[in-house]
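Engineer: Could you build all of it, start to finish, from the sequences and the hints given here?
There are 2 protein chains.
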Amino acid sequence: MNLAVLVSGSGSNLQAMIHAAEKGVLGGTVKTVISDRSEAFALQRARNHGIEAIYLNPRDFSCREDYDQSICTLLEERAIELIALAGFMRLLSPVFVRRYPGQIMNIHPSLLPAFPGLDGVKQALDYGVKVSGCTVHFVDEGLDTGPIILQEAVPVLETDHEETLHQRIHQVEHRLYPRAISLFMQGRLTVKGRRCIVDEG
Amino acid sequence: MNLAVLVSGSGSNLQAMIHAAEKGVLGGTVKTVISDRSEAFALQRARNHGIEAIYLNPRDFSCREDYDQSICTLLEERAIELIALAGFMRLLSPVFVRRYPGQIMNIHPSLLPAFPGLDGVKQALDYGVKVSGCTVHFVDEGLDTGPIILQEAVPVLETDHEETLHQRIHQVEHRLYPRAISLFMQGRLTVKGRRCIVDEG
Chain A
1 MNLAVLVSGS GSNLQAMIHA AEKGVLGGTV KTVISDRSEA FALQRARNHG IEAIYLNPRD
61 FSCREDYDQS ICTLLEERAI ELIALAGFMR LLSPVFVRRY PGQIMNIHPS LLPAFPGLDG
121 VKQALDYGVK VSGCTVHFVD EGLDTGPIIL QEAVPVLETD HEETLHQRIH QVEHRLYPRA
181 ISLFMQGRLT VKGRRCIVDE G
Chain Z
1 MNLAVLVSGS GSNLQAMIHA AEKGVLGGTV KTVISDRSEA FALQRARNHG IEAIYLNPRD
61 FSCREDYDQS ICTLLEERAI ELIALAGFMR LLSPVFVRRY PGQIMNIHPS LLPAFPGLDG
121 VKQALDYGVK VSGCTVHFVD EGLDTGPIIL QEAVPVLETD HEETLHQRIH QVEHRLYPRA
181 ISLFMQGRLT VKGRRCIVDE G
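Chains as they are written, first to last, in my numbering: chain A, 1 to 201; chain Z, 1 to 201.
All clues stand as given, with none of them false.
Here are the simulated lysine to aspartate or glutamate pairs, EDC-like style, with alpha carbons at most 16 Å apart:
| # | chain 1 | residue 1 | chain 2 | residue 2 |
| --- | --- | --- | --- | --- |
| 1 | A | Lys31 | A | Glu77 |
| 2 | A | Lys192 | Z | Asp126 |
| 3 | Z | Lys122 | Z | Glu162 |
| 4 | A | Lys192 | Z | Glu158 |
| 5 | Z | Lys31 | Z | Glu81 |
| 6 | Z | Lys192 | A | Glu158 |
| 7 | Z | Lys192 | A | Asp126 |
| 8 | A | Lys192 | A | Asp140 |
| 9 | Z | Lys122 | Z | Asp160 |
| 10 | Z | Lys31 | Z | Glu76 |
For the record, the hints were derived by calculation from the structure and aren't laboratory data.
Just so it is clear, the structure is predicted and the values come from calculations on it, not from any experiment.
Structural biologist: Set out below in structure tokens:
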């Protein structure tokens, strides 16, 4: 099965997916990487592994829907079956989300529904939680509200600041995200209402 | 130091505190147990261990403030330094909360700020989270909004329903709540703004 990864930045989660694919445990191929930022290091990571890397400049489009439509066209041309957002800093328009129902995943650095949106790690520290974590979820039309696929807790240490906590959460992300993709590729995820049922096999 | 426990029901968390006190690891004495329900089994548990058990009927008071004031009077007479809510099903009035700043604790069966209020376990299952847990926090004037003292994650299993998940969360509660009380009794909790700093020693 063909996976597309949408990125805006460094792409460390993309790197984890590429590793998993090369080890044969992703259950699919990273077919293309699309970025809204030309300088995203994720594009370089893709090229380093012989993966197509596309920069699509939002300024070349008159509106969000046109931009998203052009991404959808690229995805359709490549017969993409799953789209993974990996630090993609744009909200997808409803047209995009409806075109790929239950086929778009995102990862978020908190235990949703706590601390959605930007700066999930900072939000958690400011609130004073003792446990945070990360969440892989399907994307719906809300902000980080779609059905949860996998979550894992990460303890907050008394000495933590945003960078140290984010780093430990990232380490878990790099394990959790490829696993969620692999479960999808194997047909082991079933969404019923708000719940995503994982067939643990 | 003297601890009072406010209860409305079975009192399994009270039982955990009594055990900890009898083992000498609570750092204080369960001085009195107060219930707003005459039939609360927690009252019987207290008596079984020779602890004062008081039933105070809310219907004997014209308003919430009068009821809370009568509890405060009981607490003052007994030189109570920490109040632990353990399944106490009434919201404390601001007068009560202000009388004991940073001296009232509560336990909640979710990882706050997710799923505050009633039926935290059911809320979490309905949302479809994969990780829930429990939270010991100081009580402020909001609903489950006070500074978090301790949290522990509990995984949600695919086969879980409300009862099975609640049972596993309860098991963690019975460990976490006495530990939070012990930390308080030893002067190892410091609240700074929203954050409660735990001196791990």
